[in-house]
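Chemist: This is what each chain is made of:
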Amino acid sequence: MNIHVEVREIGGLTLDAAEALSFVDAPGNGAGSLFIGVVRDLNQGRKVRGVSYDVFAPLAEQGFAEICAEAQEKWGDNLRLFVAHAKGRLDVGGISIVLAAGSPHRGEAFAACRYLIEEIKTRSPIWKQEHYVDGDSEWVKGHALCSHG
Amino acid sequence: MNIHVEVREIGGLTLDAAEALSFVDAPGNGAGSLFIGVVRDLNQGRKVRGVSYDVFAPLAEQGFAEICAEAQEKWGDNLRLFVAHAKGRLDVGGISIVLAAGSPHRGEAFAACRYLIEEIKTRSPIWKQEHYVDGDSEWVKGHALCSHG
Amino acid sequence: MQVNVQMFGEFRVLGDCLELTLPENSTVLDLREFIQNQVGEFELTELLKLSKFADEKAVLTDTSLCKNNQILAILPPVSGG
Amino acid sequence: MQVNVQMFGEFRVLGDCLELTLPENSTVLDLREFIQNQVGEFELTELLKLSKFADEKAVLTDTSLCKNNQILAILPPVSGG
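Residue numbers (the numbering used here), protein chains in the order written: chain A, 1 to 149; chain B, 1 to 149; chain C, 1 to 81; chain D, 1 to 81.
Worth flagging that the hints you see were computed from the coordinates, not collected in a lab.
Where is the CB? At the ideal position from N, CA and C, for every residue including glycine.
A portion of the hints provided could be inaccurate.
Covered, in the sense of this in silico footprint (three residues per stretch, anywhere, with C-beta under 8 Å from a C-beta of chain C), are these stretches of chain A [said to hold, decoys possible]: (1) 15–26; (2) 49–55; (3) 103–110; (4) 131–141.
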């Protein structure tokens, strides 16, 4: 199997770049591209203490696998891909998503990794609730999902 | 200092993705893009056992720093950038280069990471000697450097 | 028939899930209107218009038929990743 | 004057570096021709034409003046990364 997709509950293992890179490595692969998303301390001018990620996990994992299959169709069946998204509350600096793509050459690895994050951002059933330093919390405004069929 | 550049002799510490990601992390950064180059087992149809990287280290590090400064000019002074290149002989699976870019948003991180690898590939005084499974070795054909001034 | 509708994002204010009893042969649109009538708050009814329903495999269209004991989810506009 | 020219890539067959004695006010072009004349092998002289000289800070043009005790490097076409 050359795809790994996962929604991981915070409180268990934390998301880990080394694990992702190790998964996408293979003797024929010369390039690995990795992306991590991290909770930052400021959003739209408000000081952030942490973010809660709400995830409809079975549908999210189904979607991740579909997006990976699309990437393999575009950039090669031999692409190795890793997707893991956190579920739960993270403090500033916490890793919300780890993506990696491994391939013989770097063009495909970069393109696939970028494709994964852009598609996951727009298509995944994931919601962010920001917790501010002033004690307030707010669900981040998003955009509507598309239904197919 | 938000730039780290290094030519690292093999035999000491190996190149490490976690170190690079940790360097480019910052409380205001929401995105990290990382690239690793790995020795693969096949090149142009020949089975490869390992690659020796010959590097003119002082000029290479000078060039890495210039390329990082160019990336910061293009995508923001607050970009944090990490460049490390191996010097010496690596077996298949060995990491020859680790690059990382950290920034508030993902567009800049991806663009900067891609810029670093493309420029380093064409501008750095680095030569690869491939060692084949059949016992033969060969310097990989390259392209001429440009002189400025 | 019974359906279990899981809440996500802002809909969490209604609880983690709603156990609803619907007429036989209800569609997702019927379910949507059922919830719309139960939720008095203006902001949530506006949000509901922008939301989709899904099962564990796919986002559903309003013409999809609901099944007895089905687990559904209400998906407000997403912001994740 | 003396210059130390470090070898890289295919030029490693000549050793790790060449200690050369050049006339005063020699340029990089003079150095290039000096080495060209010492290296008999056809393949290496062809490679030399595609190669650049550099110090530790920059790639040099053929009109650059060499300095006494300078450390230079001969850079064949690169393939790295």
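Chemist: A separate judgement is required for each hint: does it hold in the structure or not?
Modeler: How the hints compare with the structure:
1. 15–26: It is violated, with 0 qualifying residues against the three required.
2. 49–55: holds (count 3)
3. 103–110: Not satisfied, violated; 0 residues make the cut.
4. 131–141: With 3 residues closer than 8 Å to chain C, the region 131–141 of chain A meets the three-residue bar; holds.
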